[in-house]
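J.: Put chains B, C, D, E and F on the given structure of chain A with help from the hints.
6 protein chains.
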Amino acid sequence: MSTVENTTPFNGVASSTIVRATIVQASTVYNDTPATLEKAKKYIVEAASNGSKLVVFPEAFIGGYPRGFRFGLAVGVFNEEGRDEFRKYHASAIHVPGPEVEKLAELAGKNNVYLVMGAIEKDGYTLYCTALFFSPQGQFLGKHRKLMPTTLERCIWGQGDGSTIPVYDTPIGKLGAAICWENRMPLYRTALYAKGIELYCAPTADGSKEWQSSMLHIAIEGGCFVLSACQFCLRKDFPDHPDYLFTDWDDNKEHDAIVSQGGSVIISPMGQVLAGPNFESEGLITADLDLGEVARAKLYFDVVGHYSKPDVLSLTVNEHPKKPVTFVSKVEKAEDESNK
Amino acid sequence: MSTVENTTPFNGVASSTIVRATIVQASTVYNDTPATLEKAKKYIVEAASNGSKLVVFPEAFIGGYPRGFRFGLAVGVFNEEGRDEFRKYHASAIHVPGPEVEKLAELAGKNNVYLVMGAIEKDGYTLYCTALFFSPQGQFLGKHRKLMPTTLERCIWGQGDGSTIPVYDTPIGKLGAAICWENRMPLYRTALYAKGIELYCAPTADGSKEWQSSMLHIAIEGGCFVLSACQFCLRKDFPDHPDYLFTDWDDNKEHDAIVSQGGSVIISPMGQVLAGPNFESEGLITADLDLGEVARAKLYFDVVGHYSKPDVLSLTVNEHPKKPVTFVSKVEKAEDESNK
Amino acid sequence: MSTVENTTPFNGVASSTIVRATIVQASTVYNDTPATLEKAKKYIVEAASNGSKLVVFPEAFIGGYPRGFRFGLAVGVFNEEGRDEFRKYHASAIHVPGPEVEKLAELAGKNNVYLVMGAIEKDGYTLYCTALFFSPQGQFLGKHRKLMPTTLERCIWGQGDGSTIPVYDTPIGKLGAAICWENRMPLYRTALYAKGIELYCAPTADGSKEWQSSMLHIAIEGGCFVLSACQFCLRKDFPDHPDYLFTDWDDNKEHDAIVSQGGSVIISPMGQVLAGPNFESEGLITADLDLGEVARAKLYFDVVGHYSKPDVLSLTVNEHPKKPVTFVSKVEKAEDESNK
Amino acid sequence: MSTVENTTPFNGVASSTIVRATIVQASTVYNDTPATLEKAKKYIVEAASNGSKLVVFPEAFIGGYPRGFRFGLAVGVFNEEGRDEFRKYHASAIHVPGPEVEKLAELAGKNNVYLVMGAIEKDGYTLYCTALFFSPQGQFLGKHRKLMPTTLERCIWGQGDGSTIPVYDTPIGKLGAAICWENRMPLYRTALYAKGIELYCAPTADGSKEWQSSMLHIAIEGGCFVLSACQFCLRKDFPDHPDYLFTDWDDNKEHDAIVSQGGSVIISPMGQVLAGPNFESEGLITADLDLGEVARAKLYFDVVGHYSKPDVLSLTVNEHPKKPVTFVSKVEKAEDESNK
Amino acid sequence: MSTVENTTPFNGVASSTIVRATIVQASTVYNDTPATLEKAKKYIVEAASNGSKLVVFPEAFIGGYPRGFRFGLAVGVFNEEGRDEFRKYHASAIHVPGPEVEKLAELAGKNNVYLVMGAIEKDGYTLYCTALFFSPQGQFLGKHRKLMPTTLERCIWGQGDGSTIPVYDTPIGKLGAAICWENRMPLYRTALYAKGIELYCAPTADGSKEWQSSMLHIAIEGGCFVLSACQFCLRKDFPDHPDYLFTDWDDNKEHDAIVSQGGSVIISPMGQVLAGPNFESEGLITADLDLGEVARAKLYFDVVGHYSKPDVLSLTVNEHPKKPVTFVSKVEKAEDESNK
Amino acid sequence: MSTVENTTPFNGVASSTIVRATIVQASTVYNDTPATLEKAKKYIVEAASNGSKLVVFPEAFIGGYPRGFRFGLAVGVFNEEGRDEFRKYHASAIHVPGPEVEKLAELAGKNNVYLVMGAIEKDGYTLYCTALFFSPQGQFLGKHRKLMPTTLERCIWGQGDGSTIPVYDTPIGKLGAAICWENRMPLYRTALYAKGIELYCAPTADGSKEWQSSMLHIAIEGGCFVLSACQFCLRKDFPDHPDYLFTDWDDNKEHDAIVSQGGSVIISPMGQVLAGPNFESEGLITADLDLGEVARAKLYFDVVGHYSKPDVLSLTVNEHPKKPVTFVSKVEKAEDESNK
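Protein chains in written order, with the working numbering: chain A, 1 to 340; chain B, 1001 to 1340; chain C, 2001 to 2340; chain D, 3001 to 3340; chain E, 4001 to 4340; chain F, 5001 to 5340.
Excised from the complex, chain A in its bound form:
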């Protein structure tokens, strides 16, 4: 993974390159993946026309983050409406690769941007919360599957494995992603740091104030730019459903009540907030990233470099894919099949 020669101008000469980056703080069009893709297109075009070279979307933008859904779940209890809800949710998810991925690759190419897109991926009947990466050349670079879902997500999403922890070495810096509370996993972050991440994308569904502290801490800890993208959703963006639980908004289920407040933010390697957080509306958050800041920050603290202590603390990352069944002959073909 982690592609490309490391002799890019940025890494080599380090004359201060400025890269414009944009976060799209917007809501999924629920139960309508084609419309969601259209919405993505609109924002990518707008960001690119502003000169952005990197566009980052929130977690689960494609497929949707089912905030407040319960899928009829309770311990030891099943429920037909919940099953049906899942079938609909499964239907909105996408295959990777697949036609939607091709469309996104085309969008990245046409608009000449790196694109990081949160999506719900389906592999058979198990869903994964995935970040997809695309290049300005219109290529699908690869994906990261969230390793560990949070609370009720565990009932609807599977767990990723170590085979999809990419960091791509691009001309605008080394690019990777941690999704939502993966940002709370110190060992996962360290794996990204060890791959040299410079443009640390954090597609998330956490719009809390505490989240801002974590983002700022990570920028400093990792010595990298942090780009946190969260959906901004109103009550009316969601389908109508009696099973919802909007804890904090229970009293106010009006159409314009805010269900996901965003808080997308861009922070520099030294902990300077460059843009956002925006807690108030759908829209673009844009900043110019001075890539020279990375080196400046690392003089004092380089988490996997001079400030590591490998004789005492060493992390092992198992990147082997984990599959319950392996077909020994015709391996590549068999693997493709077992993934359908």
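If you're looking for bench data, these hints aren't it; they were derived computationally from the structure. A portion of the hints provided could be inaccurate.
What the hints assert, rightly or not - Below, simulated DMTMM-like cross-link-like pairs (lysine to aspartate or glutamate); rule was C-alpha separation at most 25 angstroms, straight line:
id : chain 1 : residue 1 : chain 2 : residue 2
1  : C       : Lys2088   : E       : Asp4288
2  : E       : Lys4209   : A       : Asp302
3  : A       : Lys323    : B       : Asp1161
4  : D       : Lys3309   : F       : Asp5206
5  : D       : Lys3195   : D       : Asp3169
6  : A       : Lys309    : A       : Glu319
7  : F       : Lys5236   : F       : Glu5280
8  : F       : Lys5042   : F       : Glu5282
9  : A       : Lys309    : E       : Glu4153
10 : D       : Lys3209   : B       : Asp1084
11 : C       : Lys2323   : A       : Glu319
12 : B       : Lys1209   : C       : Asp2288
13 : D       : Lys3209   : B       : Glu1080
14 : E       : Lys4322   : A       : Asp311
15 : F       : Lys5236   : F       : Glu5081
16 : C       : Lys2088   : E       : Asp4290
T.: Just chains B, C, D, E and F now, kept in the frame of chain A:
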């Protein structure tokens, strides 16, 4: 094997597709393979005219399941009548490919159905209990050879290997088969699950009540439709032979005594019995399969997806063909020869 | 693990040994672990006085199975009542080893029975759904932690690893356990079969009718006795809580409404139901197990013996403990600490 | 396997060593393994007192060769008497290692002979037809499990794998075994030849005249001494059972009718019959083997040496044990368990 | 190390225990260790009289944090004044164990508090930045040496090793420490989490605003109480010296200028700021810790429990002491010493 | 090679086909190849007029088997007479293809028989001991060159390679050959078995009694008809030569002494001797082969089918022609030639 693009409507959009499927619960015409093919034709035509898109026949429908035969066998004892009985049984078996296979392909094509046919295959002088697969386009898709025969079957049939464990990705769902007590092999079933089986065909000769429990369990375990097809045979369907052992029918050897009671059944992924079991007569068992049930079922349990534990439990399936002798040069040709 | 010499009378001479076994179909005393232990004591004494040598309790008998609880969980939403509910549930769980475990060992010893007990184990702040094993000599033999929780259980319980998959070779047969839907995991079952399980305990919370099919199938597939133990609980056994979801009982929240209907059952290796299922009351389910049935069943089917096909299908079980952090020096002590 | 330094006088200097060898042509005491061991002891003592250094027993001497048994088997039919018959047969089989193996090792040591003993081994509930090897030092050397049972044996015995194909390099020559119709398997014989077998033991249950041709052919083909040991059994040696099929003796079921006629024989590497065949009575067959004959024979034909053609014909022997389930951690212990 | 039985009330019953804790935000008396100890005594007495059970001092409180010192250092240049400055600094440091350590143990005992004290330790002529731990029973529990100093600290302090990473299991919770930018080391924090830390002490010299984000992030990440203690120092607290470099205060070198602004803070496991930060004065920061918050927080996130992913990410902590010279004959003694 | 569709009546319907076959037990006319061909013609006509469809000649019938010749050879010694003797022997050998081959093809066609002829083939100045195959249609089908000559044959004949191991699928069964002690090579025989040989021709020069045992063993092992053809020669059939060594006949060098005693024999797949052995005279040995015997025999033993164990024992046959010099530009042509 396991063919076709994974972008079929069923897997993609998952608007609830309904597929009509039929099991043929009928007896072989013993020692008369052409007549058996004629009988197959009659039922395929009838099922297709009812709108079925999938027709499944029992184990060994072609060639016959020699229930109660002993082939003169006892430990360490040989017997000329038994040898001769085997010669006749061998004569009723078919080559794959061969003229009977061509005829079945033609029948599937003319009637526009997927066809799963149990047959006794001969490869040299070793017989195999095989399931044959055909497409509505009139193609022979391939075969599955039973891996492990049961008790006395082991004296007349060989063992299949890992090279014939197909699951076909078709527009009506992913199609494969487990024959008779292969259905009791948890590792074999898991191999099928890992290939994504949705239409799990179980040609069998087991007409017991316990079999019903296994079928229901498999539907739930695999999250798939189970179509179990068993022959319904009367005493008079069998050739006359003094060596038979019809344990449960010993007192009643009249012509109309039931020798194989059928019990063919169709079950949904959530364990709902959709059609059958029929323990009383020859005939068709038909049900409409709502393919959306698969996703509904997988919300709670996905045996090779979110509910697997591959870091602890991993199955390896060796799909290499196993041959006692391999001819290195002119491989394909040599293989053909060694198979004659 | 999996202890003891293999020269026990049972395995050796196989003169038909009869073993009496009892399932305790009873409800946890919620939020009161000492009272739950007292209740366990009462039933163990009763079973032993009836001559039972093996007593099996349901899943989560100690600590409780929080049926219908939601812990305030929904996707992406948090809730203070739910957090507090978890704190209480955590308080009812037990350390292993710990004082409750010692008490259970003493009970097994005093009553001269093998005891299999479902319990909620706490390891730090992560809970595990565990089966505990005790010998008539008053020893705690070890434990099995459920590998994969089901739906909302995943939000409150962690996942076990391969280091706790014991099968104990005892004078009354080889003893192990699969908890609830682990019984649907074909690879896990196969691991138990490979260790020679003969007394297959299935502590569960699944009281459905489909469960009965799975139990019968497993008895036949594994060629072992299956002892499925499920709690029988009324509405009034549960603490009062507004967040419950008792899907099927929504209309009838009276105190005597059945919330968990039991269905505990004992089945022989040939699929004969020996006792139960009881869907109507709390109580003991007892049967005499003729251990000679195992050999009789295996003549036709031995799932990891003559009916396996290891050249094609081979399962690997990784029994290494999985820990996020390993302390290299003074290993045992460090491990103890990290487990506190 | 194939143990011991190859610097024994026999292999090295080849001054013509004479070794006395004895075959025990006798019947199992059916359903009484302790009595069978006593009978073995009597013959071993007798052979040793005659100066024999090698004693070879027939196939299945311990546990018994159930000639004529049908275990109630017919294709697709089950039978309770047959199951019970199997349970008894299973009870007569022995664990390897185990107390009976220890007793045999002691017998070999006390009588200062190499001992090759046919036995029915039980591993869980699957039986194997096994040859056991013991040294004059009173050690159990190891075993060979029959790879492929014949006809109805396949319903009661499992298949061995490549991990038990030993040839032991002893001071009296290289010692190995092929059981019954394994002697018809040219690839298996070649594996033994390639390990240098000189004392080719053929415990068998085939007492036919054609068998004599095969033994003579093998002696010449392999350039080795062949020692074929077959039971001599009368009707009265067998338990009474209505299910027997003694084809050729059907008319004459008297107590003194011969059921297995023996034909044990010892042949030199050049095809000279040194002792036997005895088709008439229980007893010892003894010959003096001039080990120098091996070299004399190989001048003209050395099947895996100068007369092989490895650029055209090469055999691969897979000696890996085949297990359906492998436990990765604590490997040796786990393997022991899974073998119980 | 990491002592005490795990059967404390807190872990067991979890009735909500409240513990009062105090941070001492105060300055070293530079170049006067006895006076510094007196100052420590004063604050410990005050905190204890307020009911505190835990008192935490800043990094290097004993020995002093030489903020702004340059020790005459520049690349490739030496300087006699700098050497002399180091001699003075070395003189203020303490031996561990030693008389100052005994005095501190006595203070903890008399005031019945757990005490965590930042100190400069001397081991020969190498200095270490160390945290010392004391119990209410008047015992010195042990120490943690900072693993990796920051920038110019590396010229005056050595690096700790893995043998001093204690977490003490106490009746008021599990207690450990990370010093200054060790708090930025994700692998070090994870080692503490794995030992179950609940009272995470962070003696520091970082008084920045970004530090607050890191503390809040750690509380959430670790699910633990964070107690960050930083000195509050004015210009006049420091000895007079021409080589100082007070970057941000260059214009204002008056006596009352703030040189270290404190910012000590106490945060709950769910990210709630319980006391502080105080950026304005020397003094005590006190809060009541509701230990039940730990369980409430872990429901959603348990960094080394249910939210770890050990099959992918595994950290190894080498706790062996690292010594340049090991005397082989005294191994056990050497290990004991490194633990003191 | 090994031609023809597999849809022949014999393999298909298996109504019991009877085929008459004849072995020609006769001597070469030494040093007179045209006369030898005339003699061949006489016997072929006779066999065909008796209804034979298959005629098999002995090893080296054309060119002669130089029994007792020494070609003046001794270790390290050369001899002009021997050279000259070889020149004469080379002159009697034939090219393949060539005029003698055409003549033989014509004979087969005219007499409507399959013909297997032993011949000495010359390829440049290296001779090969070859079996030639001809069809009733008058075609030369191909050849088999003996892989490994025996003792002194190695000084006058070369070694064949894997490119000439044909088995022809003919309407009267699958036809192939093993020459003389190739019949002792278990791997070579297995290659023939794997190609499905049913009519196993064994042209030989071995007239010993032990040979009969090998032939009978092979019939059983291979489940095929064995047709062993050996010359019957008197002293007077040989040219006069002082260098002869007729070991066993040294005392009796009279003209009528038997030098090669024949022993030609035909054996069925179940080991029944159908005709011969004739040890007394030149002449035809004829039998009717009931091809149904093959299936009857395979019920119990199918050496490369159900009785093989390919997961343990697998043979590789390298069929590439072995040539010391390969001309790259003419690859296809070279291969074609080697097959003629």
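J.: Please verify whether Lys4209(E) and Asp302(A) have alpha carbons no more than 25 angstroms apart.
T.: holds, 20 angstroms
J.: Taking only the CA atoms, is the gap from Lys3209(D) to Asp1084(B) under or equal to 25 angstroms?
T.: holds, 22 angstroms
J.: Quickly compare the C-alpha distance for Lys309(A) and Glu4153(E) to 25 angstroms and report which way the hint goes.
T.: With Cα atoms ~16 angstroms apart, Lys309(A) and Glu4153(E) stay inside 25 angstroms; holds.
J.: Would the pair Lys5236(F) and Glu5081(F) pass a check requiring their Cα atoms to be no farther apart than 25 angstroms?
T.: Cα-Cα ~21 angstroms, so holds.
J.: For a C-alpha distance cap of 25 angstroms, please report whether Lys1209(B) and Asp2288(C) respect it.
T.: Roughly 23 angstroms between the alpha carbons, so the hint for Lys1209(B) and Asp2288(C) holds.
J.: Next pair to validate is Lys5236(F) with Glu5280(F); report whether the Cα-Cα distance is within 25 angstroms.
T.: holds, 15 angstroms
J.: Would you mind confirming whether the straight-line C-alpha gap from Lys2088(C) to Asp4288(E) stays at or under 25 angstroms?
T.: holds, 21 angstroms
J.: Tell me if the straight-line CA distance from Lys3309(D) to Asp5206(F) falls inside 25 angstroms.
T.: Measuring from Cα to Cα gives roughly 21 angstroms; hence the hint holds.
J.: Hint check: Lys5042(F) vs Glu5282(F), CA-CA at most 25 angstroms. Holds or violated?
T.: This hinted pair holds, its Cα atoms lying about 13 angstroms apart.
J.: Tell me if the straight-line CA distance from Lys4322(E) to Asp311(A) falls inside 25 angstroms.
T.: holds, 9 angstroms
J.: Given the proposed pairing of Lys309(A) with Glu319(A), does the C-alpha separation stay at or below 25 angstroms?
T.: holds, 23 angstroms
J.: Are the Cα atoms of Lys323(A) and Asp1161(B) separated by 25 angstroms or less?
T.: The given pair, whose Cα atoms are some 22 angstroms apart, holds under the 25 angstroms limit.
Of the numbered hints listed earlier, not one is contradicted by the structure.
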